[in-house]
Amino acid sequence: MSSPPQRFTVVEADEEVPLGEVGESSPTKGNDSKGNQQRDYGSVPSSSPTSPSGEIPTIRIIDDNNGKSANYGENTQNREHEPLTDNNDDIGDHQLALYEEDLQRRGKVSNIINRIGNYQAGIAPNLEEEEAAPKKSKGAKLGTLMGVYLPCIQNIFGVLLFVRMTWIVGSAGAIESFLIVIVCCSTTLLTSISMSAIATNGVVPGGGSYFMISRSLGPEFGGAVGILFYLGTSVASSMYIIGAVEILLTYIAPQMSIFEDMYHNFRIYGTATLILLSTFVFIGVRFVSKFATLSLACVILSIISIYIGIFVTNENRSIKICIMGERLLTLESVTANGSIWCDKNISGPIYAHYCGDGNTSDSCNYFYANQVRYVPGIPGIASGLFDTNAFSKYSKINDVPGGSDKGDAARGEIIADITTTFMVLLAIYFPSVTGIMAGSNRSGDLADAQKSIPTGTVAAIMTTSLVYITSVFFFAACVEGPLLRDKFGESINGGLVVANLAWPNEWVILIGSFLSTLGAGLQSLTGAPRVLQAIAKDSVIPLLDIFSVTTKKGEPFRALLLTAAISEIGIIIASLDYVAPIITMFFLLCYGFVNMACALQTLLRTPNWRPRFRFYHWTLSLLGLGLCISLMFISSWYYALAALFLALCIYKYIEYKGAEKEWGDGIRGLAMSAARYALLRLQEGPPHTKNWRPQLLVLMKPDENLKPMYPKLATLATQLKAGKGLILVSSVLEGDFRKTFAKSQAAKQALDHLMDTENIKGFADVLVAKSVIEGLCHLTQTAGLGGLKHNTIMIGWPYGWRHSPEQKSYRVFIDTIRNVAGAQLALMAVKGINQFPVNTQKLTGTIDVWWIVHEGGLLMLLPFLLRQHKVWKNCKLRIFTVAQLEDNSIQMEKDLNQYMYNLRIEAEVKIVEMSNSDISAYTYERTLMMEQRTELLSNMRLQKETAQSIIDRAHNPTSLESKDATLETVVEEAIEFNDAANSLELDRSQYTFSPSEAKSLGKELGKELFQMKPQQRICDKKNVRRMHTAVKLNEVIVEKSHEAQLVILNLPTPPRSESGEQNYMEFLEVLTEGLDRVVMVRGSGREVVTIYS
0 MSSPPQRFTV VEADEEVPLG EVGESSPTKG NDSKGNQQRD YGSVPSSSPT SPSGEIPTIR
60 IIDDNNGKSA NYGENTQNRE HEPLTDNNDD IGDHQLALYE EDLQRRGKVS NIINRIGNYQ
120 AGIAPNLEEE EAAPKKSKGA KLGTLMGVYL PCIQNIFGVL LFVRMTWIVG SAGAIESFLI
180 VIVCCSTTLL TSISMSAIAT NGVVPGGGSY FMISRSLGPE FGGAVGILFY LGTSVASSMY
240 IIGAVEILLT YIAPQMSIFE DMYHNFRIYG TATLILLSTF VFIGVRFVSK FATLSLACVI
300 LSIISIYIGI FVTNENRSIK ICIMGERLLT LESVTANGSI WCDKNISGPI YAHYCGDGNT
360 SDSCNYFYAN QVRYVPGIPG IASGLFDTNA FSKYSKINDV PGGSDKGDAA RGEIIADITT
420 TFMVLLAIYF PSVTGIMAGS NRSGDLADAQ KSIPTGTVAA IMTTSLVYIT SVFFFAACVE
480 GPLLRDKFGE SINGGLVVAN LAWPNEWVIL IGSFLSTLGA GLQSLTGAPR VLQAIAKDSV
540 IPLLDIFSVT TKKGEPFRAL LLTAAISEIG IIIASLDYVA PIITMFFLLC YGFVNMACAL
600 QTLLRTPNWR PRFRFYHWTL SLLGLGLCIS LMFISSWYYA LAALFLALCI YKYIEYKGAE
660 KEWGDGIRGL AMSAARYALL RLQEGPPHTK NWRPQLLVLM KPDENLKPMY PKLATLATQL
720 KAGKGLILVS SVLEGDFRKT FAKSQAAKQA LDHLMDTENI KGFADVLVAK SVIEGLCHLT
780 QTAGLGGLKH NTIMIGWPYG WRHSPEQKSY RVFIDTIRNV AGAQLALMAV KGINQFPVNT
840 QKLTGTIDVW WIVHEGGLLM LLPFLLRQHK VWKNCKLRIF TVAQLEDNSI QMEKDLNQYM
900 YNLRIEAEVK IVEMSNSDIS AYTYERTLMM EQRTELLSNM RLQKETAQSI IDRAHNPTSL
960 ESKDATLETV VEEAIEFNDA ANSLELDRSQ YTFSPSEAKS LGKELGKELF QMKPQQRICD
1020 KKNVRRMHTA VKLNEVIVEK SHEAQLVILN LPTPPRSESG EQNYMEFLEV LTEGLDRVVM
1080 VRGSGREVVT IYS
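All the letters of the sequence shown, read from the start, carry residue numbers 0 to 1092 under numbering that gives the first Met the number 0.
Keep in mind that the hints were calculated from the coordinates and are not lab data. Treat the hints with caution; some may be incorrect.
Simulated pairs of lysine-lysine, DSS-like, Cα-Cα distance not exceeding 27 Å [to be verified]:
id	residue 1	residue 2
1	K319	K450
2	K742	K769
3	K869	K651
4	K893	K909
5	K656	K747
As the structure is a computational prediction, the values presented were derived from the model and not from experiment.
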């Protein structure tokens, strides 16, 4: 049986091939001038050839003479030579020598999982404004009266005062009607106080409540509430149009009706009126302003007429109504041959309706059981009706108003067309107190807005509230209850109750209410498109950007078309009683957010919160907010939910689109206060093990264009966000901060763009430092804040470190590992990052974890978090751990299975045995090549420095004698020469060369080194043992995990001194050779997972 070949040689590689690269297909590069095969450094032939001289090489290893383990960089002189076959060292050290320091400090995996698996210890929980300047107002001469007070009066007084107020008083009674008015007016008064505070905290250029809310609560709330305010104003225009048409067809000109169904008439005439008013709005605001003056005059005149009529009316000048029992009869049903028959005459119409053919005995019995009265409908204040009308008399649909009996319109009875309750009447009445924003909408036209808006608005609300409250009591005292509940005035020949009460004639009210209602509708059609245009100009809702366009005259035509379409929907509904609650929801939500904005600003005490209006308090604002929310659900809970859902959808849409607006709003201030509170709470102590999650600091290397060189590091960070931890993405630029500030901002913009692209919820920053190592050290120490500091650092592999003679290529990586370990943070070193998947891919296969050293459970937690992401969701988890000779593999597998079961992590457990501890020739060859490369690169760096010194001497000859180049050797990787090698020693004088000769120096030095015979070189024994660990582990990992989608394993401890850094990098290269995606992990020294609940 032939013995295995024991001979090999290492020859010089081609200059064109980078150092350290191994050919994938064939390592052979050809023959040199001597006929020897040329191979890349690091290439190992399948069968080792003999040396050119035919000698069998003798390779020796060195060890400490005291038998102690040598750290990287320690002195390696005075070594005793030992034969290759001398393997007296502990076998365990041969197997895991690369991790020997970690095993000494952290313990063996077998011990830890044995304790946990047997419940001996477990893992104990840790105890520890505007983009452009506003235009100047032209001729702002309006004062408080004309600019705020009267416009608010005009907008608050509307159609409901004339066509629904008496019906509300008759149904709810004087007491409950008073409560309705008080609640609604108190809501608007508190809102006006909050609005006054906001409006006087700076200029409100336009947009009314939208502007105030958006600048106080941010673009998300502002956009949502702005849309609701716009919808409320648009639907309000339909309410005013329906009211005007109702007055026209019911009270002024009933003969104009086309259909028997009154609501069909409302739809036809309402649509025509909408087209006419929209045309007037399109013509321009000049016509609207002129008509507004006429409308305001009509409102004031009508109210004065009503109050005069209240005091002058009496039984003699009152119209009369026919009542049988408690049932009010229509005038048409008691009229025959042009005469009114309000009696029980069997030949009269009442008897025919109740006891005639086809009528039931019940109706006839009611006819005989009750008296028929023909009484004045509006007898006056002295009639004593207040007691009768003081209490509520609600009814259901199709019942007799004020009673519980079923009514019959065929008998001439007035019947209820809607079920009435306190909540329904409240919802119907509330729109009659809206319109308080009219003054703030005109802030640009006021001489002193900060004085006029509070004074005028509050005065207008007090005036209108007084009118509403007194009208409740006056109506209850002057008008018969059945007539109050006659919504459409059918008992008085289709007349309007308020019109019949007015003095001197009903036409004053009919004409006045008709024109004022049309004016209010015209104002709504004018204001709503401008609110929409203001929202579109802010670009907080991209879908609405098309409505920011105006005509040459400045009219928002597109917004007007949309407003008219929305108004038409309300007209199609055709009933004031159904349209009014919709408006109530929109305005109540809008007013509620105004109160919330004021309360928020007051409680946060932001420096910019300095309103001139002093008569406000946060308790009043919160009370107003509570009233608004309560009224919404009291009026109609399903409408309230629909309005809130619509606002939420708009809010989330704006948030999803990412409104890039910074208005200094209160929500950001609230977020800052909440963040401060949370940070202070987190600062009280370290998080419990159960709350530990990776808060990543991703260190990104910028390229020459200041863009991230490896953007997939950020992608991998997002895939770990199942832990909902913090992500900080940072880069370091080398240079002077004052000179490099512009570049740092460009680099930060590139990072921000990357985070937006990858949808990373975190922060990006760029640090400028004198060196990259120093900058990364600063980031490791200072990034983050309080409890939101990072606990895990992600760094990429330093690709090409072998190719560069500069130490910086790998020094940054190793120093970062040291700094992270010194800060007691976790580290993730990612190799093969360009082959990692993007977020749109879905991988299948396995994630393999090689658990060599216990790292607090981070190796288990990372794959679990990755599998929460859709990219890795379909991958299975496999846990591999290495059993040494003294370990019981069967017991280890049992304990590890129990441990994974207790962690509630599904994983397949594998125990790998590494029983073969013989150090192969391949290991010695790799070690020898590593040490030769270290020596060569060290001398190349030295010669580079020497060449620069020669150039310096040429420029400064006087310093020639004082500056001599010296050749320093790396202590740990020193090569010991025999007598033959000593003849190759170079004299100092050979370094005195011209710059043109510097290029060939490295090549010549390399040739001299590689002409030395293999038996002349002695390897450091510690390096051989560490290389043995790397080679053996790599063989096992590649065998078991070559098809794995990701391999996660422990990152060994870096060398303590600089001299062993290149060897350390070579060990890591060998350890991960042949693996596509690798994450090397070092724990922070604390437990991050627990088996406890």
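Against the structure, the hints come out as follows:
The straight-line distance between the Cα atoms of K319 and K450 is roughly 51 Å, outside the 27 Å bound, and the hint therefore fails. In summary, the hint linking K742 to K769 is supported, as the alpha carbons are separated by about 14 Å, within the 27 Å threshold. Between K869 and K651, the direct Cα distance comes to roughly 23 Å. Compliance with the 27 Å bound is thereby established for this hinted pair. Restraint check for K893 and K909: satisfied, since their Cα atoms lie roughly 10 Å apart, inside the 27 Å limit.
Proximity of K656 to K747 is assessed by CA-CA distance (about 22 Å); at most 27 Å being required, the pair is judged to hold.
Against the hints set out earlier in the document, a violation occurs for number 1 only.
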